[in-house]
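Chemist: Quick note on numbering: the sequence shown equals residues -22 to -1, 1 to 426 in mature numbering (1 follows the signal peptide of the UniProt record, and there is no 0).
If you're looking for bench data, these hints aren't it; they were derived computationally from the structure. Among the hints, a few may not be true.
Only pairs whose alpha carbons sit at most 25 angstroms apart, straight line, appear in this in silico DSS-like list of lysine-lysine [to be verified]:
#, residue 1, residue 2
1, 132, 424
2, 221, 132
3, 185, 21
4, 132, 142
5, 221, 28
6, 13, 185
7, 338, 21
8, 86, 221
9, 28, 86
10, 142, 424
11, 338, 221
12, 416, 132
13, 185, 416
14, 132, 338
15, 13, 28
Now the in silico label distances, taken between C-beta atoms and shown as ranges [said to hold, decoys possible]:
#, residue 1, residue 2, range
16, 142, 381, 30 to 38 angstroms
17, 205, 310, 30 to 38 angstroms
18, 74, 286, 50 to 58 angstroms
The structure displayed is predicted, hence computed values, not measured ones. For every residue, glycine included, the Cβ atom is placed at its ideal position computed from N, Cα and C.
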Amino acid sequence: MLKGHLKYSALLLTLGVAPAWSANLVDIYQDAIVKDAEIAASKARFNSNKEVEEQAFSSLLPQVGLGASYTNSDTTNSNIPDTDSEITEWNVQGRQVLFDGSVWNNWKAAQNSTHAAQYTYLADQQSLTLRTATAYIEVLRAHENLTLRIAEEKAVGRQLEQTKQHFEVGLIPITDVHEAQASFDGARVNRIVAQNDLNIAFEDLTKLTGEVYPNLDALSQEYPITDPIPASAGEWVTKALEKNPSLAASQYAVSAAQESLDSSRAGHYPTIDLTAKYGQQTIDGENQLADTDPENTVVSLNFSLPLYAGGGVSASVRQATANLEEAQYNQIFANRNITQQTRTLYSLVTSSVLRIDARKQSVISSQSALEATELGYEVGTRNIVDVLIAQRNLYEAQRNLADARYDYIVAYFQLKLVSGELAQTDIEELNNWLTGGKVTTVEVTKNL
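All chains, please: the whole structure from these sequences, using the hints.
Modeler: Rendered as structure tokens:
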């Protein structure tokens, strides 16, 4: 038998033993909502855009200011008596826009930009759901791959020991031992790589929240593999075009660009505003007949019509026109891209269902082939190379089946994302199937 021992962490992995507490998908998703840096940055961008709208709206409201000044004057002249005076003045002034197309359209543009930012933030929230599920699934994938690599190394190791025993009693040539040794060395390398891949997958999960999750709940083998509902690519495309938040954001971006163009064009139009000012001035000084405290109240209606601004307004209109065209083409691209992605992902999910069925049959066939080959080896009709190949084919079929299951889950989540329907409930539904034991980090070791 193969000599060696399992490290403690690897033993936990293969036996499904773990400390009392382990994280599940919902636990990590709740952490990610609060701690993921990408979603936090997206929320900050959304909040920033909301304030731009508030700033634009403030230009439509009355602008009120308070002014005050104090002046002390001391005049000396040889021909007239010296004078000394103090002037204290204060005033309150206000301005209200009555008609200004650029200000109005800037506010409308800011409103649409806020809507676009809101849908972008929603898209980022759904993306977080996908990123969390995918990172979790990749840990499970790496864990199952390592489990199979360990099993393969043990099986090839037993075959190597048996081959050595047969060689020692003269039943087989030394070449069979070399073949078995080469196969074992390859299996060990693959297991070491798989150990490292699992730890990397755990690190990728940590990147979401900054938290370390050394133990996770594994996926049940009974997880249902079903065709997507509705069972029509066209219906999924229709849903995506109606609900995809990124597409909605691009539509609002077009509206914002149109309002910005209208704002630039308004630079050619007249503006009307109302201003009012009330002030009081106090004058104290020598040689004054009397101190004075005049009051001043002014109300005015102002009209302004720009005639020529050096071509700046026309240039602004051309720039805004180009920006509108860019936004329109971006929307067209988003529409086509989402349509293509939806059809592709629908096809991927439906084909994954068929592929999983085929992979299951492949495992059964590979198991039967291995048993037949081992029997043939015992009676002398097959050689050690045939046995090693049959073993490798079986474990490869098992890995392919595991990959197909995880690919199906990720593809289904991606399909729901592009259709604008991915939500926390999808996380919770998948979490209900995390009853397949425990997954833990491992130490990378040369030998088992």
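Chemist: It remains to establish, for every hint, whether it holds in the given structure.
Modeler: Each hint, compared with the structure:
Of the pairs offered as hints, the one joining residue 132 and residue 424 holds, with about 13 angstroms between alpha carbons and a cut-off of 25 angstroms not exceeded. A hinted pair counts as satisfied when its Cα atoms are at most 25 angstroms apart, and residue 221 with residue 132 does not qualify at roughly 51 angstroms. In summary, the hint linking residue 185 to residue 21 is supported, as the alpha carbons are separated by about 18 angstroms, within the 25 angstroms threshold. Proposed proximity of residue 132 and residue 142 is supported: the alpha carbons are some 15 angstroms apart, at most 25 angstroms.
With a CA separation close to 22 angstroms, the supplied pair residue 221 and residue 28 stays within the 25 angstroms bound. Between the alpha carbons of residue 13 and residue 185 the distance comes to roughly 10 angstroms, so the proposed pair stays at or under 25 angstroms and holds. Using a Cα cut-off of 25 angstroms, the hinted pair residue 338 and residue 21 is violated, with the two alpha carbons roughly 44 angstroms apart. Using a Cα cut-off of 25 angstroms, the hinted pair residue 86 and residue 221 holds, with the two alpha carbons roughly 23 angstroms apart.
Between residue 28 and residue 86 the alpha-carbon distance is near 13 angstroms, which keeps this suggested pair within the 25 angstroms criterion. Restraint check for residue 142 and residue 424: the C-alpha separation of about 21 angstroms stays at or below 25 angstroms, so the hint holds. Between the alpha carbons of residue 338 and residue 221 the distance comes to roughly 36 angstroms, so the proposed pair goes past 25 angstroms and is violated. Of the pairs offered as hints, the one joining residue 416 and residue 132 holds, with about 21 angstroms between alpha carbons and a cut-off of 25 angstroms not exceeded.
Of the pairs offered as hints, the one joining residue 185 and residue 416 holds, with about 21 angstroms between alpha carbons and a cut-off of 25 angstroms not exceeded. With a C-alpha separation of about 23 angstroms, the suggested pairing of residue 132 with residue 338 holds against the 25 angstroms cut-off. About 22 angstroms separates the Cα atoms of residue 13 and residue 28, which keeps this hinted pair within 25 angstroms; it holds. The hint said 30 to 38 angstroms for the Cβ distance between residue 142 and residue 381, and at roughly 34 angstroms that hint holds.
Between residue 205 and residue 310 the Cβ separation comes to about 31 angstroms, which falls inside the hinted range of 30 to 38 angstroms. Between residue 74 and residue 286 the beta carbon distance is about 27 angstroms. The supplied range of 50 to 58 angstroms is therefore violated.
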